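Work out the full structure, taking the sequences as your base and the hints as a guide.
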Amino acid sequence: MDRLKLVLQYFQSNSESISNGICVLLALISVKLYTSFDFNCPCIPQYNKVYALGVMFVPPVILFFLGVMINRHTGVMMEEWLRPVGKRSKNPAVVKYLFSAMLQRALLAPMVWVLVTLLDGKCFVCAFSMSVDPRHFTGLPNNTGLDLVRIMAKVPCKEDAVFQNSTFRKAVSRYVRCYSQAIGWSILLLLILLGALARVLKPCFDHATFLQTRYWSNYLDIEQKLFDETCVLHARDFARKCVEQFFEGMQEDVHLRLPLAPARTRAPRTEADEETEDRLHGITRQEQVNRLLHTWYECRPELDVSRVAPQPRVCVTWEDRDGRVLFSDV
Amino acid sequence: MDKFRMMFQFLQSNQESFMNGICGIMALASAQLYSAFEFNCPCLPEYNYAYGMGILVVPPVWFFLLGFVLNNNVSVLAEEWRRPTGRRRKDPAVLRYMFCSMAQRSLIAPVLWISVTLMDGKSFLCAFSVHLDPGRFGNRSSPAVPRADLERLLAKVPCHDVFDGHAVVSREAATRYLRCISQACGWMFLLLTTFVAFLVRAIRPCFTQAVFLKTKYWSHYVDIERKMFEETCTEHAKSFARVCIQRYFESTGGEMTTFHSQWTHDKGGDKVDGDKCSNEKDKLLGIRVQEDMNKVLWNWHRCKPPLDIREEDLCHTKGSGCTRRGELHRKEWVSYYSKV
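Protein chains in written order, with the working numbering: chain A, 46 to 375; chain B, 4 to 343.
What the hints contain is simulated information worked out from the structure, not anything from laboratory work. Warning: the hint list may mix true and false statements.
[Claimed, not checked] If you want the footprint, here are the derived chain A segments under chain B, 3+ residues with CB under 8 Å:
| hint | segment |
| --- | --- |
| 1 | 102-111 |
| 2 | 175-188 |
| 3 | 332-344 |
The structure displayed is predicted, hence computed values, not measured ones. Glycine included, every Cβ here is placed at the ideal spot set by N, Cα and C.
As structure tokens, this is what we get:
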């Protein structure tokens, strides 16, 4: 139990490792999907190739789109790419880094599907059994009345009546499967070689810039998460305050209230109240919240937290019950 | 058990992830329901199409509606939509956002059911076997069969234990062909839905991102505010009930206990006195005799006290040996507060 919690915490702490985890999960889902999918070659000359190549290439496209959608970095990248410049300059290297990271992760599950398809061989047999030259194999059934193409098209279908008690079908299947597996392994080897080369040679090119771009792309991700969390906490405190004030507003009028007074007519401020006040950061009205959210998008603040934020000056205005100003600081 | 509790807590902490969890569970349920469901094609020309298409279309509609039913936000949306404007303006963008996010979540289980049904192929086979071209799958040597008989024969193609037209039509070839078409439709459908979802999720930031942040915040706020209001009402009801019951007990008991200080004790929450004995006495609220307790219980049903805990209206309870408390001097006080 503790171990599970520890593992979950570790993964949650690092956003990159969450993305990696999701990417691996999607790859496993693609394998599971392939094994549970009932491959059903039509064994008809016009449809074999279309069906088989469709099964080999359409699911990878679907998995690619899914991979892009599920990845958090897609949203971060799009937002960073499209935002107005505001007070913070835009770094195209960061956007490029995020894009390439997202692309790499999204391509894993489609590649896994294609490789599993090739290594399994059914798709290849279905698509290319008609391209095999039957003269290399003995035992071609020639008493069925069907032409050669139709016979070859039926090779992927085990239970067809044409090939009963015939070794021809098995021989052709095995031949095509062998090709399919060879292609599959070659592609896998190529990909691994490319990956290894890229990892080994990357530090040779501009490593310092790479470290910077990686830092700032991580920063953007964390900043967006924290902004969302702060909004959620703020909404909660805003709602609590709103509801409390609503309740108090319904009270009988037993106190002579001056507009500044409400805080004092309640019970003495507890720690929870202080915390709530802190979390609201002075944003207490709908227009203020709207303005805050609008400015967050239109004009992102500078990356500079060394200055102390200017505190708003509080001016006191005393009004009587009819709204007449008795005294004002303004 | 522990694992479930932890998972449950994690999901509940975030309302959105809770809804995502429900959505995932429904998707799994739809896949499981399909595999547990025993597809039973009628193999009759008049009913095949209706049955096949019915299985394809009706359960998705049901799952979609179920998604709305299980979603808590439906009542929030309805409330926000129907409330009078009052002192707070209504934002149609917030309503649209809430509706869209609910609809998106509810669409996952139906899409999954349709995909699984099409990939499996049975319902397609059942619905369209009658429309097969016998020339393509028929045996060349078979005699011509009248149209009506042919239809009945083709309708039996999905049922391998009932099919008796092996001489006329090759059942396996026809089944393979229809299943292939069904699977192609399934993949195309999945591709289309994934592409549309991709456009919506990935391309949306190109349009109206600032407005989107605003609507997301306020729709979340509406949900939270409702929860806060219910919590506040519950706490208020608790305190109200506590005071009401205490006063009732005391009025029935007829003893003049130090109610006011005891009440502030409970309100303030600080049990300063370590004196256990007087604490226990306070809890008895002045009822120490069997007859008094019986009277309390009897009157609680027969004659409940009014819902009014203002301090000057203490003596409205009927049938109680009500002792009038000393008039509480209501103070009018003014407080000035300035934060300079």
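Status of the hints after comparison with the structure:
1. 102-111: Since 6 is at least three, the answer is holds.
2. 175-188: violated (count 0)
3. 332-344: With 7 residues close enough to chain B, the hint holds.
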